[in-house]
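Asker: Sequence:
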Amino acid sequence: MSLPLFPLNTVLFPGCILDLQIFEARYLDMIGRCMKKGEGFGVVCILDGEEVGIAPDGYARVGCEARITDFSQQDNGLLGIRVQGGRRFIVHGSSVQPDQLTVAEVEWLEDEPEQPLQDEDADLVALLKALAEHPMVEALNMGTEATGQQSLANQLAYLLPFNELDKIDLLQLDDPQQRLDAIQALLDELQGELFA
19 MSLPLFPLNT
29 VLFPGCILDL
39 QIFEARYLDM
49 IGRCMKKGEG
59 FGVVCILDGE
69 EVGIAPDGYA
79 RVGCEARITD
89 FSQQDNGLLG
99 IRVQGGRRFI
109 VHGSSVQPDQ
119 LTVAEVEWLE
129 DEPEQPLQDE
139 DADLVALLKA
149 LAEHPMVEAL
159 NMGTEATGQQ
169 SLANQLAYLL
179 PFNELDKIDL
189 LQLDDPQQRL
199 DAIQALLDEL
209 QGELFA
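Position in the sequence shown (first residue = 1) + 18 = our numbering.
Simulated from the structure, these hints should not be mistaken for laboratory data. Treat the hints with caution; some may be incorrect.
Unchecked claim - Computed spacing ranges between beta-carbons, pair by pair: (1) A140 / A43: 19 to 25 angstroms; (2) Q115 / E163: 18 to 24 angstroms; (3) G166 / E42: 36 to 42 angstroms; (4) D66 / P179: 18 to 24 angstroms; (5) Q202 / D66: 48 to 54 angstroms; (6) S113 / G166: 36 to 42 angstroms; (7) E57 / E156: 28 to 34 angstroms; (8) G161 / P134: 17 to 23 angstroms; (9) M154 / T87: 35 to 41 angstroms.
Source: prediction; values computed, not measured. Beta carbons: idealized from backbone N, C-alpha and C, even for Gly.
From just these sequences and the hints, can you work out the full model?
Answerer: Here is the structure:
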């Protein structure tokens with residue numbers, strides 16, 4: 019499956035919302051094609067290079083499909099789009115087109131079926147509720163009600179201030195329980211650093 023990529027300094031997770039301002043010709047063209055065809059594009063995290071200018075050399079091999087849910091002309095004249103994370107994918111190869119748009123051959127990753135929340139998830143559910151009250155999170159209008167372990171894990175991995183490499187590792191995990199365990203371990207680590 020061929021998918022245009024939008025390398026960013028962020029990691030998108032399924033079901034999560036991301037607002038973008040589009041100003042480079044390659045991405046304006048890509049967004050136009052996606053909207054005409056009703057298709058998404060791939061968001062991958064940049065590991066080496068910049069968001070603007072020539073296509074970055076290094077980016078994560080795991081990414082998330084972005085589906086456009088809304089668009090508007092910004093006050094500054096730029097195109098603003100809101101996307102929602104869709105399916106996860108692995109990049110098997112890519113090429114850079116003359117306009118510097120990266121197009122990749124991807125394989126979709128299967129998500130485990132949604133599992134009901136467990137009693138031991140209560141602290142993480144409470145954390146998500148607390149995060150939902152932050153004005154920046156509120157503005158995303160993500161509906162931060164966890165419907166199960168998968169949705170809880172995706173939203174926490176996306177919203178918590180983990181570094182990009184940790185987020186990439188979390189995105190690669192198929193099992194929602196493993197992802198929640200890894201999030202808890204990262205939170206314990208952060209807490210340890212705060213009180214060290």
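Asker: Determine for every hint whether it applies to the structure shown.
Answerer: Consistency of the hints with the structure:
no.	hint	result
1	A140 / A43: 19 to 25 angstroms	49 angstroms, violated
2	Q115 / E163: 18 to 24 angstroms	40 angstroms, violated
3	G166 / E42: 36 to 42 angstroms	37 angstroms, holds
4	D66 / P179: 18 to 24 angstroms	22 angstroms, holds
5	Q202 / D66: 48 to 54 angstroms	30 angstroms, violated
6	S113 / G166: 36 to 42 angstroms	38 angstroms, holds
7	E57 / E156: 28 to 34 angstroms	29 angstroms, holds
8	G161 / P134: 17 to 23 angstroms	18 angstroms, holds
9	M154 / T87: 35 to 41 angstroms	18 angstroms, violated
This entry does not satisfy hints 1, 2, 5, 9, going by the numbered hints stated previously.
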